[in-house]
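Peer 1: Chains as they are written, first to last, in the numbering used here: chain G, 3 to 370; chain U, 3 to 370; chain W, 3 to 370; chain P, 3 to 370.
Just so you know, the hints here were simulated from the structure itself, not pulled from any lab data.
Wrong hints could be hidden among the right ones.
No copy is singled out in the list; a pair is fine if it fits within one copy or between any two copies.
Said to hold, decoys possible - List of simulated lysine to any residue pairs, SDA-like, C-alpha gap at most 20 Å: (1) Lys-144 <-> Pro-363; (2) Lys-256 <-> Thr-318; (3) Lys-256 <-> Pro-302; (4) Lys-199 <-> Pro-178; (5) Lys-256 <-> Val-164; (6) Lys-256 <-> Leu-301; (7) Lys-199 <-> Asp-354; (8) Lys-144 <-> Arg-266; (9) Lys-199 <-> Val-164; (10) Lys-144 <-> Asp-309; (11) Lys-144 <-> Asn-177; (12) Lys-199 <-> Ala-147; (13) Lys-199 <-> Arg-98; (14) Lys-144 <-> Val-355; (15) Lys-144 <-> Gly-117; (16) Lys-144 <-> Asp-213; (17) Lys-256 <-> Arg-122.
Please read these numbers as outputs of a predicted model, since none were measured by experiment.
Number of protein chains: 4
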Amino acid sequence: MSNSFGRLLRVTTFGESHGPAIGCVIDGCPPGIAIAPEDFERDLGRRASGRTRHTSQRHEDDRVEILGGVFEGRTTGTPVALLVRNTDARSKDYARIAEQFRPGHADYTYWHKYGHRDPRGGGRSSARETTMRVAAAVIARKWLAEHHGVTVRGHLSQIGEVVPDGHDWDAVEGNPFFWPHAAQVPALESYMDALRKSGDSVGARVTVVADGVPPGWGEPVYGKLDAELAAAMMSINAVKGVEIGAGFASVAQKGSEHRDAMSRQGFASNHAGGILGGISSGQQVVVSVAFKPTSSLRLPVMGLDVDGNEVEIVTTGRHDPCVGIRATPICEAMLALVLMDQALRHRAQCGDVGEVSPRVPGESKHSP
Amino acid sequence: MSNSFGRLLRVTTFGESHGPAIGCVIDGCPPGIAIAPEDFERDLGRRASGRTRHTSQRHEDDRVEILGGVFEGRTTGTPVALLVRNTDARSKDYARIAEQFRPGHADYTYWHKYGHRDPRGGGRSSARETTMRVAAAVIARKWLAEHHGVTVRGHLSQIGEVVPDGHDWDAVEGNPFFWPHAAQVPALESYMDALRKSGDSVGARVTVVADGVPPGWGEPVYGKLDAELAAAMMSINAVKGVEIGAGFASVAQKGSEHRDAMSRQGFASNHAGGILGGISSGQQVVVSVAFKPTSSLRLPVMGLDVDGNEVEIVTTGRHDPCVGIRATPICEAMLALVLMDQALRHRAQCGDVGEVSPRVPGESKHSP
Amino acid sequence: MSNSFGRLLRVTTFGESHGPAIGCVIDGCPPGIAIAPEDFERDLGRRASGRTRHTSQRHEDDRVEILGGVFEGRTTGTPVALLVRNTDARSKDYARIAEQFRPGHADYTYWHKYGHRDPRGGGRSSARETTMRVAAAVIARKWLAEHHGVTVRGHLSQIGEVVPDGHDWDAVEGNPFFWPHAAQVPALESYMDALRKSGDSVGARVTVVADGVPPGWGEPVYGKLDAELAAAMMSINAVKGVEIGAGFASVAQKGSEHRDAMSRQGFASNHAGGILGGISSGQQVVVSVAFKPTSSLRLPVMGLDVDGNEVEIVTTGRHDPCVGIRATPICEAMLALVLMDQALRHRAQCGDVGEVSPRVPGESKHSP
Amino acid sequence: MSNSFGRLLRVTTFGESHGPAIGCVIDGCPPGIAIAPEDFERDLGRRASGRTRHTSQRHEDDRVEILGGVFEGRTTGTPVALLVRNTDARSKDYARIAEQFRPGHADYTYWHKYGHRDPRGGGRSSARETTMRVAAAVIARKWLAEHHGVTVRGHLSQIGEVVPDGHDWDAVEGNPFFWPHAAQVPALESYMDALRKSGDSVGARVTVVADGVPPGWGEPVYGKLDAELAAAMMSINAVKGVEIGAGFASVAQKGSEHRDAMSRQGFASNHAGGILGGISSGQQVVVSVAFKPTSSLRLPVMGLDVDGNEVEIVTTGRHDPCVGIRATPICEAMLALVLMDQALRHRAQCGDVGEVSPRVPGESKHSP
């Protein structure tokens, strides 16, 4: 079950980076959702590699074939199956990589776990798998918007030491970094060019938010909305940390500062990130995610081979100098999938609970 | 299923803060583990409230009754059921709290989700529930130690703005803060006394580590060891962030710095926190957790009542000025439970895979 | 997870026949259901042993303590925990039974699986566990009746070679056999007296039906309503077969006979047992269950001891000459639990699907 | 999750009868199993339609494409994905069938559940889906044989009123009915020809057995081996009943007859069907399954259309007069998948339990 995700809206992905195809099965999808192959284009395009000089130069079509679960343009309630053929998977020469463990990669751990691994392009551990997360989330985003008015969006909130000087949602889609401040983009371009030239890589931080989530989504104790968001984000390749709302900053906060006072006008702040006791409060749900710098560098590093010998490892080929750059649509996808799953679970258990009390206006003016 | 945790070693907890009892059922436990009521005393004592003046003055016996799954002192493979009666649950007067939503608490979200809630002491959303996590983990720790030589421990790594000036594991259990540097303890005592006097609270950061984890535990993609650790930690009350290894610091790192070079002597560093591609590498598994400051303060704050009226809320009663102080054993418990669950899953799928390659020595000299 | 049952309404049971207590945790229960300790009395009484001379003479109070999940008499949405203390568990002398494997019992298989077992009264493999199924189903029955007008009932449909000569629901609760034909009861009493005197036992067949199930409950392929009913019934102690509707009789039927023609007046017959393609059709759901004769007899049989020696085994003590007699409430319980779980799942996925077509009247005049 | 099956070896199937393809994802598969596209040919051929004049004349290639999880001919531990394109799906004219509900089919129930359905060839409710069960089980059978010496086989044990006059495993694969008595085959051919000519259909009973299962597989209470077999079999299209061992015949048995005495030479009989207390005993595991007669007949029947009008329904096209004929490989597949899943679960929990006692020889001479 380690390749499945979600409890009621359950996504199972399959396929390797350099195998014939990748795909997914989306089980538990409500019937009647309009879906067509072209619906996947926008988000797969935003995630795709090869879009700019700042990302890997692998060029994949990412054309989605719908294999089941859709009839006459609408979901039927049976599993939606999606397939994407790999077309630019060059793996002529993987003999050496098959014998060596690259530091910072899954090579060594897969080998010790399974005793047999597909070394071509990282096999199953490649970020190529995230294509199917984004594809599955296209359906979730559609359902969330149509049935609940919930929207999901995100932006880069740090690259290396650089943080945004301002916040403008309109800027985000206008630059290859999903950066929320247009004036900084030229400087970022130079920064990335220099980095690429140096042969090194850098980490990044992504922030994703959901607007319009009603109070009541999420489940106590072990099915908490924040717990499942943490798992969802941490399951993305290269992620090393997850925060909800104020996150680690809350360690240095006082309680009188952190708790978000409530009035008839709404919440006075959103340090909670829209989640209290594991359940959505009606405020913006805010999640931040730390991506490590990729370890695939042409700068040499000491590693080992399968026989335990020390070897100097140099990674050539097509790699992102900052994997976080393309991660925004992936984090959005995971947020959307978790929310839809929780929405269905909430309807299952609490479908009889009506409006019990006036709601605090959740729309906060607070940017994440 | 939101009150169950783990896939093969499955812990289900139940009970409310001021109900008659709390308890848990541990399903999937291997047979033959020696277990007695007194085995729970040490860790429940470490977690217990009322231990020092710095924590809540609720005094619970936390005496564990074994209701099933153990015969002649050893587990039988059938579910281990544990019960702890609540003895110091004072809830004479909850009429007012039943009508009001405390900011920063689950009151408002439970109410909108369920339309009916147990307001006494936070009901199910109280940290009292974590007693059973610690109890269940006593069995996991025993099994991990006996069958794999794996040990789990932890310490506080930040309170408010204060960080340790040094690191000494031997100091941790000798002070009420699980603080790893004895010389700082008097200053911390003063800090906490002043905080308590002020009526305010503060956040904390806990770091837990597992030693001796072999390479190969964990599962790719959605069952990743780090993803499940993130969910486990985020499911603890008051947690707002989780990091593996370098965590958010990796955002500002270069790839040449972050990746942990490998040699025959071992890994040169442990920025990965012992996990690569979702699978343990044989290094120390290192997890850090951010706890927010408690919102239950005697300092007044604006809140709402169930009719939507604004009310000034003052929380009296027994509360921790820093909930993170008692959180170390809870984080350790979640780490142990996740590890044992993954160990069983690994044995299920890969029980036929023998030693395939020389292992890099995992024992790093690096403190977390 | 082998001690949990259901996907959204999830029941976990624990405890052994001669341990201190048995209990259950019901997770996923909708909030707002009125529940009190006395609500469990009727069904636990129907299931209880010691009620007549035809069943085991163990006398248990079966007094239910609610440990959590209920506040001011109504469920809160958090896990409902129920506890029943064992009060009549005599197990002074189990030394011999601990060393021997009784044919037809779980002794041998538990021993080879776990290497350590609780031999007192069958331990976890005792039908005592079914007490908690019946208890949990009290809540399910209440919810099904109140929210959907669904009722569940059952009767014995065969003992040994004896089948009912007529069918009258009103007769069922008026005799200790749940037999649907009052005139046969005296003969059955004599039959059972003779059987008990002979020291032997006999099998039985139970039929349970649900009225009022709307079309649409159940899920295709692997979550079929009939598949889950089959598992639920087969999980009851001593069950060797399960049928839906015509069951094994359909093997000898022609298609023109088996298929249930539909008209505006309803279905012409109910060979399907109310389920088509794994989904309820709106007809009565009809399930029949085969119980084997108990193997615990005072008539000697050849068995083995733990060292592999042949031993003659004679079982004295309190045993039912026909375990199926008390099974009707247990089968009803499993039917109710499966239906409620499927109802919640249906609401989760298809809560947006309204009335799409006129419904065929489901009320068939056909007795099961 | 209703399209997934198994707990640790988890099979998810997708696709519709007349959609572009059907497929499956097998998660949790141990690494190192040798697998090639041609390994699927034998069992898919045994299941295939169009093999004889007694089965549907749809001719599918059933060529399996491996999309992931296999590298250099061996499984890697990542999900094995299999795809079969539909090539003989004629659905030019489904307008009428889209508007009508065929009695005895899932048309009516899918419509009321989902409000939108794929009517072409039954869509997802078609037995075409079982192709992927058989494909997935090819891997399970291989693993069971290689790692545990467990083999799975089956035969038809009744067609209509006809039962075998003798039992010879060698006869089974030599005739199109999987019939265990060669001398009866000509008569069966005539019987089926007459049935086909009459336009009617008939039910069947299939018996499958597993040899070599060690004692200890299965889990108590809700994860019982027999409970999971019951669900697995009942999830197959057209199944109405499941029996373990003596099944419904045990209702009329005495306890002294049913219980299988044990000696050093083995069990005296196998009424239990190889399962005691939900756990394998080391005897042959024996399961019988009732298949109803297909409802798709050219003989007219009264049905309804989507507007609630009564319509006379005549089904032309390609249909099996006895769907049970092709069901033997499907039942075998489900038996193999359940066994492998339980074997992995047993290893997970009880991998430390060694040989605790002498085993009774399990090889019984009893034919099912």
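Peer 1: Evaluate Lys-144 and Pro-363 at a C-alpha cut-off of 20 Å and name the case that applies: within, between, both or neither.
Peer 2: Cα proximity of Lys-144 and Pro-363: none, with 24 Å in one copy and 36 Å across.
Peer 1: Pop the pair Lys-256 and Thr-318 into one bin, within, between, both or neither, using alpha-carbon distances up to 20 Å.
Peer 2: between (49 Å within a copy, 17 Å between copies)
Peer 1: Indicate which option fits the pair Lys-256, Pro-302 if close means a Cα-Cα distance not exceeding 20 Å: within, between, both or neither.
Peer 2: between (46 Å within a copy, 14 Å between copies)
Peer 1: Can you tell me if Lys-199 and Val-164 fall within 20 Å by alpha carbon in one copy, between copies, both or neither?
Peer 2: The answer is within: 18 Å in one copy meets 20 Å, while 40 Å across copies does not.
Peer 1: For the identical chains here, do Lys-256 and Leu-301 meet the 20 Å Cα criterion within one copy, between copies, both, or neither?
Peer 2: between (44 Å within a copy, 11 Å between copies)
Peer 1: Can you tell me if Lys-199 and Pro-178 fall within 20 Å by alpha carbon in one copy, between copies, both or neither?
Peer 2: Answer is within; shortest intra-copy Cα gap is 18 Å, inter-copy 51 Å.
Peer 1: How do Lys-144 and Arg-266 come out at 20 Å by Cα distance, when the copy is not named: within, between, both, or neither?
Peer 2: Neither way: Lys-144 and Arg-266 sit 31 Å apart in one copy and 38 Å across, limit 20 Å.
Peer 1: Evaluate Lys-199 and Ala-147 at a C-alpha cut-off of 20 Å and name the case that applies: within, between, both or neither.
Peer 2: neither (42 Å within a copy, 48 Å between copies)
Peer 1: Please work out whether the CA atoms of Lys-144 and Gly-117 approach to 20 Å or closer within one copy, between two copies, in both situations, or in neither?
Peer 2: between (41 Å within a copy, 19 Å between copies)
Peer 1: With identical chains, the pair Lys-144 and Asp-213 could be close in the same copy or across copies; at 20 Å between alpha carbons, which is it: within, between, both, or neither?
Peer 2: within (14 Å within a copy, 38 Å between copies)
Peer 1: Treating 20 Å as the Cα threshold, decide for Lys-199 and Arg-98: within, between, both or neither.
Peer 2: Neither, since 25 Å and 65 Å both go past 20 Å.
Peer 1: At most 20 Å between C-alpha atoms: does Lys-144 with Asn-177 qualify within a copy, between copies, both, or neither?
Peer 2: For Lys-144 and Asn-177, the Cα distance exceeds 20 Å both inside one copy (24 Å) and across copies (52 Å).
The structure is inconsistent with the numbered hints 1, 7, 8, 10, 11, 12, 13, 17, although it conforms to all the rest.
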